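Q: Residue strings, one per chain:
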Amino acid sequence: MNEKEIEILEILEENARIPMDVLADMVELSVEEVEKTIKRLEEQNIILNYSSVINWDKTSGVDGVAAMIDVKVTPKRDVGFDEIAERIYRFPEVKAVYLMSGAFDLSVQIEGKTMKEVAFFVSNKLSTLDSVLSTTTHFLLKKYKHDGVIFEPEKKDKRIVVSP
Amino acid sequence: MKHVQQQYVSKTASQLKPSGIRKFFDLASQMDNVISLGVGEPDFVTPWNVCEAGYASLESGYTAYTANAGLLELREEISSYLSEQFSLNYSAESQIILTVGASQAIDLAFRAVIDPGDEVIIVEPGFVAYAPAVTLAGGTPVSLETKAEDEFKITRESLEKVITKRTKAILLCFPSNPTGATMSEAELKSVTDVIEEHDLLVLSDEIYAELTYDETHYSIARVNGMRERTILISGFSKAFAMTGWRLGYVTGPEEIISAMLKIHQYTMMCAPTIAQHGALEALKSGREDLERMKKSYRQRRNFLVKSFNNIGLSCHMPGGAFYAFPSIQATGMTSDEFAEKLLEEERVAVVPGHVFGAGGEGYVRCSYATSIDSLQEAVKRIERFMKRRQQA
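Chains as they are written, first to last, in the working numbering: chain A, 1 to 164; chain B, 165 to 556.
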């Protein structure tokens, strides 16, 4: 992986909507070279997706709850945690699954419309899986920062408008 | 009454010209929706760990003066920093003073070395405070004009032309505010023998030393024979986004530094204690933040300079600092007219080149210490402005 590729990834991670010609100028490549590089990075599954960070709390009519669930599981011979992780992440309501070090094994992030819906998922779908030994559910109360993005950013430039 | 009060103002103070930047500050502050490329400081907020160190120092009760020269621990840190980053060796005990911004260091240096009648060469276009600082110290500033065709670097010929019998010192600032010019080791060596031959003292303001994008900064103090005659000035403002903390430092030959320390202890006591604690943290663990900011400046520089050249504003690629210095001569306007009309018509603030002294007319200073989104919008507006001029 060369320096330019890493630079392109860093810029895109911060702003996936940056115009190609601007990005090209920033990294001193031609537009064609940048497009080719991005295409290759997409094909290699290095760039997986371009998504937005949305503060749903500020929208009206869209309600939901999110929870982080600590899951203890029994790993299986040959496949370790991968098989049970896959069985969990295939549920569409599961937004993230991480293998963790420490007191539990999998951290599962889930989103539902109501608390009841989340509770139903935990008791009927997650806990009933063969390898799952126990679950601890933590409901999320407020998001301050997500994926490096602060939810109530202070945008005002505090500098004086012209200075030497 | 006003007339009576005026008679109390000293001749020196009343003869000082107000900075040409002031006018644009006043104009731009009254307008809404202005994109400012006129700001001479980083757009980043000071890295969080540095702010935390500032809070922690207050919580621990570090609210008193420090030693006149500054916290010894910080001077030691600066000493090893200068050695690691720039291969410069200065003693923490006897050769470093912490100052209130690099600005105070410049003032101290001039006061410590200038006798009435001494001439000091100022490289222009240059930072607005140098010439007034020479005047206030009783000296005479002499302008050395640099040119776009030399990428605003100084040359042997341009230097030799301005040296007289009264020349005592030369002030250098590379990377340069406002031109972004840098000078390589070889380029410095092409003028240092002239400096030696005329026995000049060098004041090297290296406040932008960390912000070079193509080559690592090479200090003039490293050139053979220069260390003994160089006062090196730097600070935390630009590299660590700490302008408001007001912390700079100066280092150089022991005799000169101890003369400066005398003036410093009578006029300033010491640099702000909280800022010194913040700076200590910046040197210990700020490198990653510095590199992140530098990378971002570099990307924005590339974009802005390319865009300027595309829309008919010819602009050399600046090697350092965070300023582009495009020529506006193609428009037929003076830099003042250009800046004023651009602000009125398109709400983009730039600084007219003439405020930076000789050779600045015909150029404007545009800071790229502004988000890439704002830079894109600024370029769109300037392009529109230029198109209207070309059609007219």
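The reader is advised that the hints may include incorrect statements.
[To be verified] Think about it this way: if two alpha-carbon atoms lie no more than 16 Å apart in a straight line, the pair counts; the simulated EDC-like pairs of lysine to aspartate or glutamate are: (1) A:Lys36 / A:Glu5; (2) A:Lys4 / B:Asp537; (3) B:Lys470 / B:Glu547; (4) A:Lys158 / B:Asp196; (5) B:Lys459 / A:Glu3; (6) B:Lys544 / B:Glu501; (7) B:Lys458 / A:Glu111; (8) B:Lys505 / B:Glu547; (9) A:Lys155 / B:Asp537; (10) B:Lys459 / A:Glu111; (11) B:Lys459 / A:Glu28; (12) B:Lys459 / A:Asp130; (13) B:Lys459 / A:Glu10; (14) B:Lys459 / A:Glu86; (15) A:Lys72 / A:Asp130; (16) B:Lys544 / A:Asp21; (17) B:Lys311 / B:Glu321; (18) B:Lys458 / A:Glu7; (19) B:Lys329 / B:Asp378; (20) A:Lys156 / B:Glu525; (21) A:Lys125 / A:Glu111; (22) B:Lys470 / A:Glu86; (23) A:Lys143 / A:Glu111; (24) B:Lys470 / A:Glu111; (25) A:Lys156 / B:Asp537; (26) B:Lys458 / A:Glu86; (27) B:Lys551 / B:Asp500; (28) A:Lys142 / A:Asp57; (29) B:Lys325 / B:Glu361; (30) A:Lys76 / A:Glu86; (31) A:Lys158 / B:Asp279; (32) B:Lys459 / A:Asp57.
[Stated by the list, open to error] Some chain B residues flagged as far from chain A (calculated, every beta-carbon gap over 10 Å): (33) Asn253; (34) Leu300; (35) Lys459.
Derived from the structure by calculation, the hints contain no laboratory data. Computed from a predicted structure; not experimentally measured. Every residue, glycine too, gets a C-beta built ideally from N, C-alpha and C.
Q: With reference to the structure, classify each hint as holding or not holding.
A: A quick look at each hint next to the structure:
1. Between Lys36 of chain A and Glu5 of chain A, the direct Cα distance comes to roughly 11 Å. Compliance with the 16 Å bound is thereby established for this hinted pair.
2. For the given pair, Lys4 of chain A sits about 21 Å from Asp537 of chain B by alpha-carbon distance, which is inconsistent with the 16 Å threshold.
3. In summary, the hint linking Lys470 of chain B to Glu547 of chain B is supported, as the alpha carbons are separated by about 13 Å, within the 16 Å threshold.
4. Between Lys158 of chain A and Asp196 of chain B, the direct Cα distance comes to roughly 15 Å. Compliance with the 16 Å bound is thereby established for this hinted pair.
5. Taking the CA atoms of Lys459 of chain B and Glu3 of chain A, the gap is near 12 Å; set against the 16 Å cutoff, the hint holds.
6. A hinted pair counts as satisfied when its Cα atoms are at most 16 Å apart, and Lys544 of chain B with Glu501 of chain B does not qualify at roughly 20 Å.
7. Straight-line distance between C-alpha atoms of Lys458 of chain B and Glu111 of chain A comes to about 39 Å, which puts the hinted pair past the 16 Å bound.
8. Distance hint between Lys505 of chain B and Glu547 of chain B is fulfilled; the C-alpha atoms sit about 13 Å from each other, no more than 16 Å.
9. Proposed proximity of Lys155 of chain A and Asp537 of chain B is supported: the alpha carbons are some 13 Å apart, at most 16 Å.
10. Straight-line distance between C-alpha atoms of Lys459 of chain B and Glu111 of chain A comes to about 37 Å, which puts the hinted pair past the 16 Å bound.
11. Under the criterion of a C-alpha separation no larger than 16 Å, the hint pairing Lys459 of chain B with Glu28 of chain A is consistent with the structure, at around 13 Å.
12. Under the criterion of a C-alpha separation no larger than 16 Å, the hint pairing Lys459 of chain B with Asp130 of chain A is inconsistent with the structure, at around 50 Å.
13. Between Lys459 of chain B and Glu10 of chain A the alpha-carbon distance is near 11 Å, which keeps this suggested pair within the 16 Å criterion.
14. Restraint check: the Cα-Cα separation between Lys459 of chain B and Glu86 of chain A comes to about 38 Å, which exceeds 16 Å; the hinted pair is violated.
15. With a C-alpha separation of about 12 Å, the suggested pair Lys72 of chain A and Asp130 of chain A falls inside the 16 Å cut-off, and the hint holds.
16. Our distance criterion of 16 Å between C-alpha atoms is met by Lys544 of chain B and Asp21 of chain A, whose separation comes to about 13 Å.
17. The suggested pairing of Lys311 of chain B with Glu321 of chain B holds, with an alpha-carbon distance near 12 Å, which does not exceed 16 Å.
18. Note on Lys458 of chain B and Glu7 of chain A: the hinted pairing holds, with a Cα-Cα distance of about 13 Å set against a maximum of 16 Å.
19. Restraint check: the Cα-Cα separation between Lys329 of chain B and Asp378 of chain B comes to about 38 Å, which exceeds 16 Å; the hinted pair is violated.
20. Restraint check: the Cα-Cα separation between Lys156 of chain A and Glu525 of chain B comes to about 32 Å, which exceeds 16 Å; the hinted pair is violated.
21. Restraint check for Lys125 of chain A and Glu111 of chain A: the C-alpha separation of about 14 Å stays at or below 16 Å, so the hint holds.
22. Proposed proximity of Lys470 of chain B and Glu86 of chain A is contradicted: the alpha carbons are some 48 Å apart, above 16 Å.
23. For a cut-off of 16 Å, the pair hint linking Lys143 of chain A to Glu111 of chain A stands: about 13 Å separates their Cα positions.
24. For the suggested pair Lys470 of chain B and Glu111 of chain A, the alpha carbons sit about 45 Å apart, so the restraint of at most 16 Å is broken.
25. The straight-line distance between the Cα atoms of Lys156 of chain A and Asp537 of chain B is roughly 14 Å, inside the 16 Å bound, and the hint therefore holds.
26. Taking the CA atoms of Lys458 of chain B and Glu86 of chain A, the gap is about 41 Å. The hint is violated against a cut of 16 Å.
27. In summary, the hint linking Lys551 of chain B to Asp500 of chain B is not supported, as the alpha carbons are separated by about 19 Å, beyond the 16 Å threshold.
28. A threshold of 16 Å between alpha carbons decides the hint, and for Lys142 of chain A with Asp57 of chain A the separation of about 9 Å falls inside it, so the pair holds.
29. For the suggested pair Lys325 of chain B and Glu361 of chain B, the alpha carbons sit about 14 Å apart, so the restraint of at most 16 Å is met.
30. For a cut-off of 16 Å, the pair hint linking Lys76 of chain A to Glu86 of chain A stands: about 13 Å separates their Cα positions.
31. In summary, the hint linking Lys158 of chain A to Asp279 of chain B is not supported, as the alpha carbons are separated by about 41 Å, beyond the 16 Å threshold.
32. A hinted pair counts as satisfied when its Cα atoms are at most 16 Å apart, and Lys459 of chain B with Asp57 of chain A does not qualify at roughly 34 Å.
33. Non-interface call for Asn253 of chain B relative to chain A: holds, since the shortest CB-CB distance, roughly 32 Å, exceeds 10 Å.
34. Residue-level check passed: Leu300 of chain B sits 16 Å from the nearest beta carbon of chain A, beyond 10 Å.
35. Not every CB of chain A lies more than 10 Å from the CB of Lys459 of chain B, the least distance being 7 Å, so the non-interface label is violated.
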